[in-house]
Structures are given as C-alpha cells and as structure tokens.
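Protein chains: 2
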Amino acid sequence: MIPGYEPPQLLKQRLFYQGRKLNFEVSTMRLPNQAEGDWECIRHPGGALAVPVTKEGKFVLVRQYRFTVAGRLLEFPAGTVEQQEAPEETIKREIEEEAGYRAHQWRTITKFALAPGYSDEYIYAFLAQDLEQLETPPAHEDDEDIEIVLMSAQELEEAIRAGEPIDAKSICSFFLARPLLELKG
Amino acid sequence: MIPGYEPPQLLKQRLFYQGRKLNFEVSTMRLPNQAEGDWECIRHPGGALAVPVTKEGKFVLVRQYRFTVAGRLLEFPAGTVEQQEAPEETIKREIEEEAGYRAHQWRTITKFALAPGYSDEYIYAFLAQDLEQLETPPAHEDDEDIEIVLMSAQELEEAIRAGEPIDAKSICSFFLARPLLELKG
Numbered sequence: 115m116i117p118g119y120e121p122p123q124l125l126k127q128r129l130f131y132q133g134r135k136l137n138f139e140v141s142t143m144r145l146p147n148q149a150e151g152d153w154e155c156i157r158h159p160g161g162a163l164a165v166p167v168t169k170e171g172k173f174v175l176v177r178q179y180r181f182t183v184a185g186r187l188l189e190f191p192a193g194t195v196e197q198q199e200a201p202e203e204t205i206k207r208e209i210e211e212e213a214g215y216r217a218h219q220w221r222t223i224t225k226f227a228l229a230p231g232y233s234d235e236y237i238y239a240f241l242a243q244d245l246e247q248l249e250t251p252p253a254h255e256d257d258e259d260i261e262i263v264l265m266s267a268q269e270l271e272e273a274i275r276a277g278e279p280i281d282a283k284s285i286c287s288f289f290l291a292r293p294l295l296e297l298k299g
Numbered sequence: 115m116i117p118g119y120e121p122p123q124l125l126k127q128r129l130f131y132q133g134r135k136l137n138f139e140v141s142t143m144r145l146p147n148q149a150e151g152d153w154e155c156i157r158h159p160g161g162a163l164a165v166p167v168t169k170e171g172k173f174v175l176v177r178q179y180r181f182t183v184a185g186r187l188l189e190f191p192a193g194t195v196e197q198q199e200a201p202e203e204t205i206k207r208e209i210e211e212e213a214g215y216r217a218h219q220w221r222t223i224t225k226f227a228l229a230p231g232y233s234d235e236y237i238y239a240f241l242a243q244d245l246e247q248l249e250t251p252p253a254h255e256d257d258e259d260i261e262i263v264l265m266s267a268q269e270l271e272e273a274i275r276a277g278e279p280i281d282a283k284s285i286c287s288f289f290l291a292r293p294l295l296e297l298k299g
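If you read the protein sequences in the order shown, they are chains A and B.
Counting in the numbering used here, the first sequence runs from 115 upward without gaps.
Counting in the numbering used here, the second sequence runs from 115 upward without gaps.
One chain only, chain A, in its complex shape (with noise of 0.2 Å):
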C-alpha cells in the first residue's frame, strides 16, 4: 500500500439500469486531492468459466456471435454467477448447456478481475477434465447460437497469437491452465 492513501469519498450514486444479470451505475466521488467527478460502474455477480480438455489434450471451446462486436468470437464456455450460487455450480451448469460436455475432474485455476475500468465482474476460471460427451447435447439458451471447437494447445496458441477473434478471460485462462496440464503428465 502507498503510505498515507485514502480511497475516494463517495458523494452520490445513481443507478441508470436494472437488468436481468448486470446493473449499471454512476458513483460521484471526491478524491483525496478534493477534485470530483463521476465514475461509471457495471455491477455483476461474476463470471465462471471452464478450460475443458479432452483426454486426447483438445481444448473444448465455443465459437458464438457477441452483438457487442458484431460479429463471431472464440471463448471458453463461460456464465453468469446467479444469486445464491457458487461459482463451482455455475460452470458445472455452463459447461454442460453451451458445449455439450460433463466434466468429473475439476480444479480452480485462479480468479481476476475482467474489467475494472468500469466493472465490477470477477471471473473465477476452473479446470475441467475427465470429459464425457452428453448424448444428447442441450438445446442452447434462446440468445445463444454456438459452434463446439477442439483445438490442441499449440494450435489456440497460434489462433491466439495470429489474430483470431477471441475474448480475455479466454486468453487469460488458456495461459493459466496450460502449465497445470503439463505438470500432470
């Protein structure tokens, strides 16, 4: 800690919206040098996300259309924490409506913060391994439009690295999980 620091004094908040999953509101806040000013914030419950390998060593990932950037993104099977629910249930769930797969082997990877400049969300990111594929795999909640993608570690490295369109927590967690996988064997 930088000796001497305070925090911002909160003079005012308003709340603009009210959403199924997200709220947005406006802090006003005095700094300890006395300016003032708004700050925008994104309040949400968070974010679980599986890394879902196959025995074969195939990261199982979900390409899906995200209106925000109008167009297709590679991700990591991911979903809102809802109320009353760990992180843990959530991608248990996720994972098995967005890419078809049960997982029996789970480990945490690590939790970060996704976008603190105006958000408030965690991810909490999770191992998923010792797969089976559902037989009948899970009709998709109306807003999503899913593709499954397999891809070996050094070929979502190259997709990574050569531009694909994919997201962060995405990214983040491909680099954390990696290491572990090697470990194990």
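Read the hints as simulated data drawn from the structure, not as lab findings.
It cannot be assumed that every hint is accurate.
Any copy, or any two copies together, can satisfy a pair, since identical chains are not distinguished.
Stated by the list, open to error - Straight-line alpha carbon distances no greater than 30 Å define the calculated DSSO-like cross-link-like pairs of lysine-lysine that follow: (1) 206 <-> 169; (2) 126 <-> 206; (3) 126 <-> 172; (4) 135 <-> 169; (5) 135 <-> 206; (6) 206 <-> 172; (7) 225 <-> 135; (8) 126 <-> 169; (9) 225 <-> 172.
Chain B: place on chain A using the hints.
The following block gives chain B in isolation, referenced to the frame of chain A:
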C-alpha cells in the same frame, strides 16, 4: 461460420448514459428463433496497453486503486483511446503519464475483446522497450493514485498464479508478450 447463421435483428436501441469516456446503451433484439430480449452494451472507444520491459528484463507495472472492485490492482499502463487518436498514440502518452517512462522501441502484440458480454471495447496491446525513465515524473491525473512496480517475468507469473489482484488485460498481455522477448534473445 455456421451455415445459415443470421445475426439478431435490432428492434430498438436506448441510450441510458453518456459519459466522458464511455456510453451505456440497451438494445432490444429479435433472434433468428423469433425470441426477443434486451442486451446491454458499454460503448467504448478502445483501450491501449503497454507491456514495458527494461534492459534488465523487468516488467513495469502500476498498482492503482480501482473503486469498481474497491481495492488496488496490479496492471500494465493503459488508457482510453481518444477521439481521432490511433492506439499507438494513446499508449505513448499513457506510458509517460502513468509509469514515468518513455519507450523508444515499440512492437504490436495483438488486440483482443475485453468483455464482449456487455462491452465493445478492444484492447490494443504493445510491447514497449528501450525505456528511458523520465527525470521529472509527470503529474498523475486527478483520478489516478499510482505506485510503480518492477517485476521479472518469473516474479510476475508467480504473483498471478498466487492470486495477486491483477486484471485480465494485463494477464493476457503478459503471456502474449513474453515469448516475443525470449525469441529476441
């Protein structure tokens, strides 16, 4: 692409908030299966990030308070791309303002979507080398209370794995930058 895939149809767009650096809007859309719903989006001009590395192989990071997560995070220097600005210009300014370094050698790492669930922000990441420490550290912007931290690649990786508070864009950029350094010698 999934054969026959069609993106959702935009029915209505509402701007809830207009800020200095970002807007927040909600889009009502109709999906190919005819279901309708609301989707939230932070409209952001993009972020530029530097991975500054000293001659001795130390990574230069900043530790700063983020009110969104009510704590201090370790991050690489970064800033919001201004209107009419290229990300390369943004980051040359920000690395001086935030970290107090000027870099004489720049290399593009990659770009990636930061939080495509609710934001259109892309991070443009650059490797910054041949660093010159500014004699007079610049005055930080009002809203930034920043500590400069130098770490070796090994120290930084250990910190990330040990759960040191750090954000997604910095983790991604670290892992993507490191092999570029190793290849260089």
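For this session: Quick one: which hint numbers does this structure break? Sort them smallest to largest.
Result: Hint check: 2, 3, 4 and 8 fail, others pass.
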